[in-house]
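Colleague: Listed below are the residues making up each chain.
Protein chains: 2
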Amino acid sequence: MTAEPLNIRSYLEKHYPFWEHLNAQEQELLCSRSLLQSCRKGEFLYSNDDDCLGILLVLKGQLRIFIQSGDTREITLFRVGNGQVCTLSASCIIQEITFDIQIEADEDTELIVTNVSCFRSLMKQNIYVENYIYKETTEHFSDVMWAMNQILFSSFDQRLAGYLLDESIRTHSATLHTTHEQIARNLGSAREVVSRMLKYFEKEGIVSLARGTVTITDEKRLKTCTYGEKRCKCQEKNK
Amino acid sequence: MTAEPLNIRSYLEKHYPFWEHLNAQEQELLCSRSLLQSCRKGEFLYSNDDDCLGILLVLKGQLRIFIQSGDTREITLFRVGNGQVCTLSASCIIQEITFDIQIEADEDTELIVTNVSCFRSLMKQNIYVENYIYKETTEHFSDVMWAMNQILFSSFDQRLAGYLLDESIRTHSATLHTTHEQIARNLGSAREVVSRMLKYFEKEGIVSLARGTVTITDEKRLKTCTYGEKRCKCQEKNK
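Protein sequences appear in the order of chains A and B.
For the first sequence, this note's numbering begins at 48 and goes up steadily by one.
For the second sequence, this note's numbering begins at 48 and goes up steadily by one.
Just to be clear, a hint being listed does not mean it is correct.
A short list of chain B residues far from chain A (calculated; beta carbon distances all over 12 Å) [as the list claims (entries may be wrong)]:
#: 1; residue: 61
#: 2; residue: 62
#: 3; residue: 238
#: 4; residue: 270
Subject to a maximum C-alpha distance of 25 Å in a straight line, what follows is the list of computed DSS-like cross-link-like pairs (lysine-lysine) [as the list claims (entries may be wrong)]:
#: 5; chain 1: A; residue 1: 61; chain 2: B; residue 2: 171
#: 6; chain 1: A; residue 1: 270; chain 2: A; residue 2: 250
#: 7; chain 1: B; residue 1: 88; chain 2: A; residue 2: 171
Read the hints as simulated data drawn from the structure, not as lab findings.
Built from N, CA and C at the ideal position, the CB exists for glycine as well.
Please model the entire structure based on the sequences and the hints provided.
Modeller: Below is the structure:
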């Protein structure tokens, strides 16, 4: 955890559109209560038991926002990348939000954490700050609805195909370094279900599997698995 | 559809907290673009194909907000009752919202519909209106997260028990006039699954079934089905 007041000011000014509506004193408060923080891939930033963390601005890397049930089943809600903000990590200052989330660094991540008491006062005294927080939260809402639709309405082969393609784009690689367990966690499914479907994809020549990796060998066919009209064999079989 | 300008003004004044931040002209605009509307139980208010409906203020009755997949499977997101507002019916003016919902009247319902172009201009010129819309939408977000948690993390017997209890409270009656098909739609499940579990509840003496009705005969035991610690037999069996 390093405080670099000068850098921080320029980042806040660049990324928070309400900056221009803050008076000098409010700008000063925001800067003084914001800290640069780094976290390693796989590190947790927030859990139900901790205090309310604060508003997060990601400068580099990516955070994964998810919910977890008692039996450790996880559902990924959305991800927050470069230049994006997470407000759900400060749910204690948004009285309308009555649910808990968890945050994990997907990659080595650098971010600015602004503490909640600062945002609490700014929201109270400046409607532009309050409006910004609710606006960003509404954007998270849309992301969550997208995830929910995927989980509830897509067949599992479509979801798995979509996930593999997304990960391939995100990591700029056809080879994904991941376990079946990790994929299952991200899709809110069981390892056995993921393994079975991956083996089916492998038989069809769509992916190749090795210890700790999944390599996409036929991207075109994988794509036909994900969307409505052109359904691939795997789905027919799986219906 | 009847316009009653005088009544409408007093309702808007009472239920919209941003009213005091509107100038006389803005108040006039809001009143003139708001209409009293009645709809019968079971009537649809909105579908993906229609134009953006507007902001809804429920005066009497209740609306059910849900999403639907291609194959007509439904998921109830939340309900909006007396004095409550629905903003998702005006998603075209909230650019962060990129999903579609459907609305059905759960009961005979009276509401005020304010058209979107009115809210679009008010939001643009008055930050208090914009802030109100995002705040209400954030509240919908919380409701949706609750529904999502129920769907994803509760076992089916817990969800069914919770649903029957909720409906019994909502209708002030131990006898629910509903079909298994309707329950399945509300829980995003299949009729067969609902029928099987209801028959199990019946065998356990928790409910009694007749054509078009489900009657709760042992509310206490039904309650033990819904919550974590005290698990009823049905769940043990169903695990």
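Colleague: With reference to the structure, classify each hint as holding or not holding.
Modeller: Here is what the structure says about each hint:
1. 61: Per Cβ check, residue 61 of chain B is outside 12 Å of chain A; nearest 20 Å; holds.
2. 62: 17 Å, holds
3. 238: Fine: 17 Å to the nearest Cβ keeps residue 238 of chain B off the interface.
4. 270: Residue 270 of chain B clear of chain A: closest Cβ-Cβ about 19 Å, beyond 12 Å.
5. A:61 to B:171: Holds, at about 23 Å.
6. A:270 to A:250: 16 Å, holds
7. B:88 to A:171: 41 Å, violated
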